[in-house]
Amino acid sequence: MTDFLNRLRSRISFFFVPVAVLMVCSAIPAFSWEYSEFSIDTDFRMAMMATAGRWNPFFEARGTYHGDEPAFFYNNLTAGTYIKVAPWLKLGVFYRFQGSARHLEDWVVVDNASPTPDEQYWNDSSGRYEHLVLADATPRFLLPWMPGGNWVGAVKVRYSFNFRNGGQTLLLRPGVTWVMMREREPVLNLSLQYPLYFALNFGEAPLYGYGPYMTALWHLKEWLKLEGTVQYLNKTYAKWEHGGLWTLHSRHLVVGIGIVFTPVFGF
Amino acid sequence: MTRHLRRAFLATFFLAFSIGFLSAGTTVSWIEGDVTVLHNGIITPAEIEGEVFVGDRITTGPDSLVILEIGSRGILKLRADSSLVLENLDEDISVKLLWGGVFSKIRRLIGRGYNVRTPNVVAAVRGTEFFVAYGRTVEAEADVWLCVNEGTVEVALENADDKVLVKEGEGINILAASHITDPKYYPWTENLNWNTDPSSGTVVDSTDLDAAYTDLRAFDYD
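From first to last, the protein sequence lines stand for chains A and V.
For what it's worth, this note's numbering labels the leading residue of the first sequence as 4, then goes sequentially.
For what it's worth, this note's numbering labels the leading residue of the second sequence as 5, then goes sequentially.
Since the hints were derived computationally from the structure, they do not count as laboratory data.
Accuracy of the hints is not assured; some may be wrong.
Unchecked claim - Mimicking DSBU-like on lysine-lysine, the simulated pairs with C-alpha atoms at most 30 Å apart in a straight line are:
#1 A:Lys242 x A:Lys87
#2 V:Lys188 x V:Lys167
#3 A:Lys224 x V:Lys171
#4 V:Lys100 x V:Lys188
#5 A:Lys159 x A:Lys224
#6 V:Lys100 x V:Lys171
#7 A:Lys242 x V:Lys188
#8 V:Lys100 x A:Lys224
#9 V:Lys100 x V:Lys167
#10 A:Lys87 x V:Lys188
#11 V:Lys171 x V:Lys188
#12 A:Lys242 x A:Lys159
Unchecked claim - If you want the footprint, here are the derived chain A segments under chain V, 3+ residues with CB under 8 Å:
#13 103-113
#14 139-148
#15 165-179
None of the values given here were measured: they were computed from a predicted structure.
Just so you know, even glycine gets a beta-carbon here, dropped at the ideal spot from N, CA and C.
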């Protein structure tokens, strides 16, 4: 019996250990390079979020300049609507037409026997336009136990599909907002959010973007808001290419301003 | 001489007519649901065409309302879950809203006043159509909303100098019964049912006063 077990163990070792070693080796890149970049970007947007009963038709125009590369100007037009399906839940569907966006496939790494850190660059994506569809669900909850009252917690869940390259992403953005009230009317919103961007079908970094996102929004009129935003966004572009793992840590400090029109149609 | 006699006769006739007209009692003209009247310490169900008197307290239950005709001088419509005391029904009419909401439709009568009071607020008019209701209790005291459909209403705080004129189409909120906001248009008032004539449609007002308050969960601009 003991002999039988010893023979079995040796056969298992003979067949499976080399296979396991091969599998592990195949997962380890022959080499890996990591790069990093940093820029201070400026973001501008003009939006309209109307109210018509339970519906919130939405339109937005946005542009983002990247400080180190003025030629790189991301821009988009978004149109769609939210609908309030419950006091605590809004659903939304949007179409987006965007230009000059950078994607993982735009990051070029050079096939070289001995790659050096300089052998990577971005393809010029300026002037390239894409169509996307977005689906959004945002539950919101009052947080009356927070100090000062007037707190709201929310988690924005947004799926996007890019018709040009088939790229799918998922955004999870938990956050809290404090609303300064005067005479029962909102005056100022201060929000702190932490977006998490997940790549659903591309790249080697499932969580490819994250970072704190702060917003101050002034209620100038019932129909007009002004906002200022600051975001520190960490993006990771990672791909397996030429037998190696290539990673770019792209960090952006994004400072933005916006104007939001909020007309009410009917009641 | 004949002319003087005729004038004296007409004056006497109109005076007598006016006195009789004005002193006509206050009656219940319409009831829906549960409505009670507290009179001399006894609570009885209200009855259509039943008379109510100074000092009576009229109370409506859920999904209920009552319409009162104050002689020829005006009409009151008490919303569901409301209570009102008839404080004065003489030349000057005064009612005190204890809770809930009341629509007032007062005909213009020279020299006569009409007041709707809450414990700390007085709304005084001389012929108009307006709505007074308690709102949320955000601070120590409940808010009081007032919206004008027709005419002008002067609103004052008792024991304070705070006083504003609210015009047609405008509303105010008396915050915790201690501060009056500036009059302005409120979209939610579009839903108020001002009708007090059951023969021309429903008189039920089911406006949700929570709509008068900002829903913090509505803020989403991206």
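Problem set entry | Unmet hints by their number, sorted upward, for this structure | 1, 7, 8, 13 and 15
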